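Based on the hints, put chain B in the right spot on chain A.
So the protein lines, in turn, are chains A and B.
Heads up: the first sequence at position 249 corresponds to 249 in the UniProt record's numbering, and the numbers run straight through without jumps.
Heads up: the second sequence at position 72 corresponds to 72 in the UniProt record's numbering, and the numbers run straight through without jumps.
Simulated from the structure, these hints should not be mistaken for lab results.
Please read all numbers here as calculations on a predicted model, not as lab measurements.
Even for Gly, the Cβ is constructed at its ideal location relative to N, Cα and C.
Be careful, since some hints might not be right.
[Claimed, not checked] Taking lysine-lysine and the BS3-like style, the derived pairs with C-alpha atoms no more than 27 Å apart in a straight line are:
{"id": "1", "chain 1": "A", "residue 1": "K344", "chain 2": "A", "residue 2": "K200"}
{"id": "2", "chain 1": "A", "residue 1": "K213", "chain 2": "B", "residue 2": "K133"}
{"id": "3", "chain 1": "A", "residue 1": "K7", "chain 2": "B", "residue 2": "K176"}
{"id": "4", "chain 1": "A", "residue 1": "K40", "chain 2": "A", "residue 2": "K70"}
{"id": "5", "chain 1": "A", "residue 1": "K286", "chain 2": "A", "residue 2": "K168"}
{"id": "6", "chain 1": "B", "residue 1": "K133", "chain 2": "A", "residue 2": "K61"}
{"id": "7", "chain 1": "A", "residue 1": "K200", "chain 2": "A", "residue 2": "K40"}
{"id": "8", "chain 1": "B", "residue 1": "K183", "chain 2": "A", "residue 2": "K49"}
{"id": "9", "chain 1": "B", "residue 1": "K88", "chain 2": "A", "residue 2": "K61"}
{"id": "10", "chain 1": "A", "residue 1": "K369", "chain 2": "A", "residue 2": "K293"}
{"id": "11", "chain 1": "B", "residue 1": "K165", "chain 2": "A", "residue 2": "K7"}
{"id": "12", "chain 1": "A", "residue 1": "K70", "chain 2": "B", "residue 2": "K62"}
{"id": "13", "chain 1": "B", "residue 1": "K183", "chain 2": "A", "residue 2": "K7"}
{"id": "14", "chain 1": "A", "residue 1": "K249", "chain 2": "B", "residue 2": "K88"}
[Claimed, not checked] Residues on chain A that point at chain B, a partial pick, calculated with CB under 8 Å:
{"id": "15", "residue": "I8"}
{"id": "16", "residue": "I10"}
{"id": "17", "residue": "I14"}
{"id": "18", "residue": "C15"}
{"id": "19", "residue": "A17"}
{"id": "20", "residue": "I55"}
{"id": "21", "residue": "L58"}
{"id": "22", "residue": "A59"}
{"id": "23", "residue": "A60"}
{"id": "24", "residue": "Q62"}
{"id": "25", "residue": "Q68"}
{"id": "26", "residue": "Q71"}
{"id": "27", "residue": "L72"}
{"id": "28", "residue": "G75"}
{"id": "29", "residue": "I76"}
{"id": "30", "residue": "T246"}
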Amino acid sequence: MTPHSEKISIEELICDATFQEFCLGSNLSSQVYWEEWIQKNSHRASDVKEARDVIYILAAKQGNRSEQLKQLRAGINQSESFKKLITTVAVPGSLPDHPKSSSRTLYRIIGAVAASVLIAITVYMNVPKNEIEAIAAIPPEQETNIQSGLDIRKTSILADGSLITLSKNSSLKFKKNFNASNREVWLIGEAYFDVKPDKKHPFIVHSLNNDIKVLGTVFNIKAYPGENSSETFLIHGRVEVIPHDTRYKSIILSPNQKLITSLITGKSALSNQELQNQVVTISERKQVIEEVKWVRNRLNIENEPLSDIAEKLEDWYGIEIVFQDEEVKNLRYSGLFESETVIKSLEALQLSYPFQFKVEQNRISISSK
Amino acid sequence: MSGNEDYSLYWEGLRRGDKQALFNLYNDMYFHLIRFGLKLTGDDELVKDSINQLFLNLWDKKDKLTDVSNVRSYLFSVLRNTIIDELKHSGKVDEAIRRRLLEEELDELPYEEIIIRVQNDEELKAKLQLAIKKLTPRQIELIQLRFFEGMSYEQIANTTSQSVKTAYNTIYDAVKMLRKLLK
Numbered sequence: 001m002t003p004h005s006e007k008i009s010i011e012e013l014i015c016d017a018t019f020q021e022f023c024l025g026s027n028l029s030s031q032v033y034w035e036e037w038i039q040k041n042s043h044r045a046s047d048v049k050e051a052r053d054v055i056y057i058l059a060a061k062q063g064n065r066s067e068q069l070k071q072l073r074a075g076i077n078q079s080e081s082f083k084k085l086i087t088t089v090a091v092p093g094s095l096p097d098h099p100k101s102s103s104r105t106l107y108r109i110i111g112a113v114a115a116s117v118l119i120a121i122t123v124y125m126n127v128p129k130n131e132i133e134a135i136a137a138i139p140p141e142q143e144t145n146i147q148s149g150l151d152i153r154k155t156s157i158l159a160d161g162s163l164i165t166l167s168k169n170s171s172l173k174f175k176k177n178f179n180a181s182n183r184e185v186w187l188i189g190e191a192y193f194d195v196k197p198d199k200k201h202p203f204i205v206h207s208l209n210n211d212i213k214v215l216g217t218v219f220n221i222k223a224y225p226g227e228n229s230s231e232t233f234l235i236h237g238r239v240e241v242i243p244h245d246t247r248y249k250s251i252i253l254s255p256n257q258k259l260i261t262s263l264i265t266g267k268s269a270l271s272n273q274e275l276q277n278q279v280v281t282i283s284e285r286k287q288v289i290e291e292v293k294w295v296r297n298r299l300n301i302e303n304e305p306l307s308d309i310a311e312k313l314e315d316w317y318g319i320e321i322v323f324q325d326e327e328v329k330n331l332r333y334s335g336l337f338e339s340e341t342v343i344k345s346l347e348a349l350q351l352s353y354p355f356q357f358k359v360e361q362n363r364i365s366i367s368s369k
Numbered sequence: 001m002s003g004n005e006d007y008s009l010y011w012e013g014l015r016r017g018d019k020q021a022l023f024n025l026y027n028d029m030y031f032h033l034i035r036f037g038l039k040l041t042g043d044d045e046l047v048k049d050s051i052n053q054l055f056l057n058l059w060d061k062k063d064k065l066t067d068v069s070n071v072r073s074y075l076f077s078v079l080r081n082t083i084i085d086e087l088k089h090s091g092k093v094d095e096a097i098r099r100r101l102l103e104e105e106l107d108e109l110p111y112e113e114i115i116i117r118v119q120n121d122e123e124l125k126a127k128l129q130l131a132i133k134k135l136t137p138r139q140i141e142l143i144q145l146r147f148f149e150g151m152s153y154e155q156i157a158n159t160t161s162q163s164v165k166t167a168y169n170t171i172y173d174a175v176k177m178l179r180k181l182l183k
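Okay, chain A solo, but in the shape it has when bound (with noise of 0.2 Å):
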């Protein structure tokens, strides 16, 4: 995007196209610039929301044609899914009615879809693993799945350059065509994602009950099936979390915000449920190193060599790392490291020894050139 002077006219700002997307939310790359724009130049901002107000008069609150398509889609993709799931799962005796389907209005009729959300989830331990995957929305295509299992953490870097950590009992999965320019995966459980910045491809990871849009930032998804509630924490950058329950808009997270999506518990009948999207902001640092604590990894390192070092970032990360040669084995250190990410402690490292290292999927490889 061509940089817009400090000195532009309100006139001006109203009529750029993407000051209007910027406002109007319909592009996530104009809202970072502009956004960035805005903290620039702060003493613009009472012109910006005169032009922001013009450009809403305009609009006519009309909304985005093609953010209401999505929206429309993802009702379908979601209506399709739940029917399935419903139709391939028996459970005895605790199925709500469906509505008569007489009835049009908007809340009646999703209700009996956030209702089969909380069906999928209680009864998560009939259902077989496939089943719950559905409730995912994970296409059949070929797919690559990466399961931690009951490994307390898993590392992997994608094709992309982004790097996961996977908590326990989690998985991801993304289709065999992942690539810098095709970044989508399907998450269940906890995670920690570092992603590669790249403003043309955002970043999307579809977890139970959102879907986060990303632009390259790093942040903590918590989302297992059969808990009431899952969480997005953001530590840097920007995410955009899509609910896939329409009902609910779009949440744009800033750096230490975590949203927290609930089932609120009706008080009689299961069609009752619902969720509830709640952005709680975290300002104190010790409660942020609370949140990624399962993935942030304290090295005290007294003068030991870079093999036995290695060996400790395998077992924390749950990564394989292996030496190209001998001799960097024995470089010896020492000192305090602090890192959330495998590639940031080895560069922590890089910082008193030179040493290379390159990252595969599932395996790092230190060499001395």
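Showing chain B alone in chain A's frame:
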């Protein structure tokens, strides 16, 4: 612009279970339905939700859909019923209003009326009404294409057979005048 023939083709596709036909119909009808819906209620969220619900229902019941001779007016009337039901459900409508809404013509509201209607602030409404009267029909047309229908300057230039520069300048001048009048 799509005509009724296209709508009928999409309708046939939808009955055969073609999802793309549903999306095409949606894309072509979206702004028409919004403009019609806003005539019934100033609650834009309700209108948008009702439109999506309407299409979700069409997809759900695609096997039971019958042949419809005028797809456009059929969708208008289904949307009207959806909105009335929804208003009734939330207790916002009594019998008298319901009857009046049912008598509304099945056509759209012009853009200039819509932008005034959706405003909640009475003072702004009045100012907007006066300001719009000062714009030329051409200026209103281009503003609608750009801000309401979301066309790019290139698309506007193509549809109105003028250069991108002229299209931009027309909108720019209109915006400048509006700003002065809305102050």
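Does the nearest C-beta of chain B fall within a distance shorter than 8 Å of the C-beta of A/I8?
Check failed: Cβ of A/I8 comes no nearer than 13 Å to chain B, outside 8 Å.
Holds or violated: is the Cβ of A/Q71 closer than 8 Å to a Cβ in chain B?
At 6 Å from the nearest chain B Cβ, A/Q71 passes the 8 Å test, so the hint holds.
Take a quick look at whether B/K183 and A/K49 sit within 27 Å of each other, Cα to Cα.
13 Å, holds
Hint validation: A/A59 versus chain B, beta carbon distance must be below 8 Å. Holds or violated?
With Cβ-Cβ at 5 Å, under 8 Å, it holds.
Holds or violated: are the alpha carbons of A/K70 and B/K62 at most 27 Å from each other?
20 Å, holds
Can you verify the interface hint for A/I14: is its Cβ closer than 8 Å to any Cβ in chain B?
5 Å, holds
Return the status of the interface hint for A/G75: holds when the least beta-carbon distance to chain B is below 8 Å, violated otherwise.
Check passed: Cβ of A/G75 comes within 5 Å of chain B, closer than 8 Å.
Hinted pair, alpha-carbon criterion (27 Å max): A/K40, A/K70. Please report holds or violated.
At roughly 32 Å apart (the allowed maximum being 27 Å), A/K70 and A/K40 break the hint.
Does the CB of A/Q62 sit less than 8 Å away from some CB of chain B?
At 5 Å from the nearest chain B Cβ, A/Q62 passes the 8 Å test, so the hint holds.
Going by Cβ atoms only, is A/A17 closer than 8 Å to chain B?
Holds - the Cβ of A/A17 comes within 8 Å of chain B, reaching about 7 Å at its closest.
Distance restraint between B/K183 and A/K7, which requires alpha-carbon spacing of 27 Å or less
The given pair, whose Cα atoms are some 21 Å apart, holds under the 27 Å limit.
Any CB of chain B closer than 8 Å to the CB of A/T246?
Interface hint status for A/T246: holds (7 Å vs cutoff 8 Å).
Checked against the numbered hints above, the structure breaks hints 2, 4, 10 and 15 and satisfies the rest.
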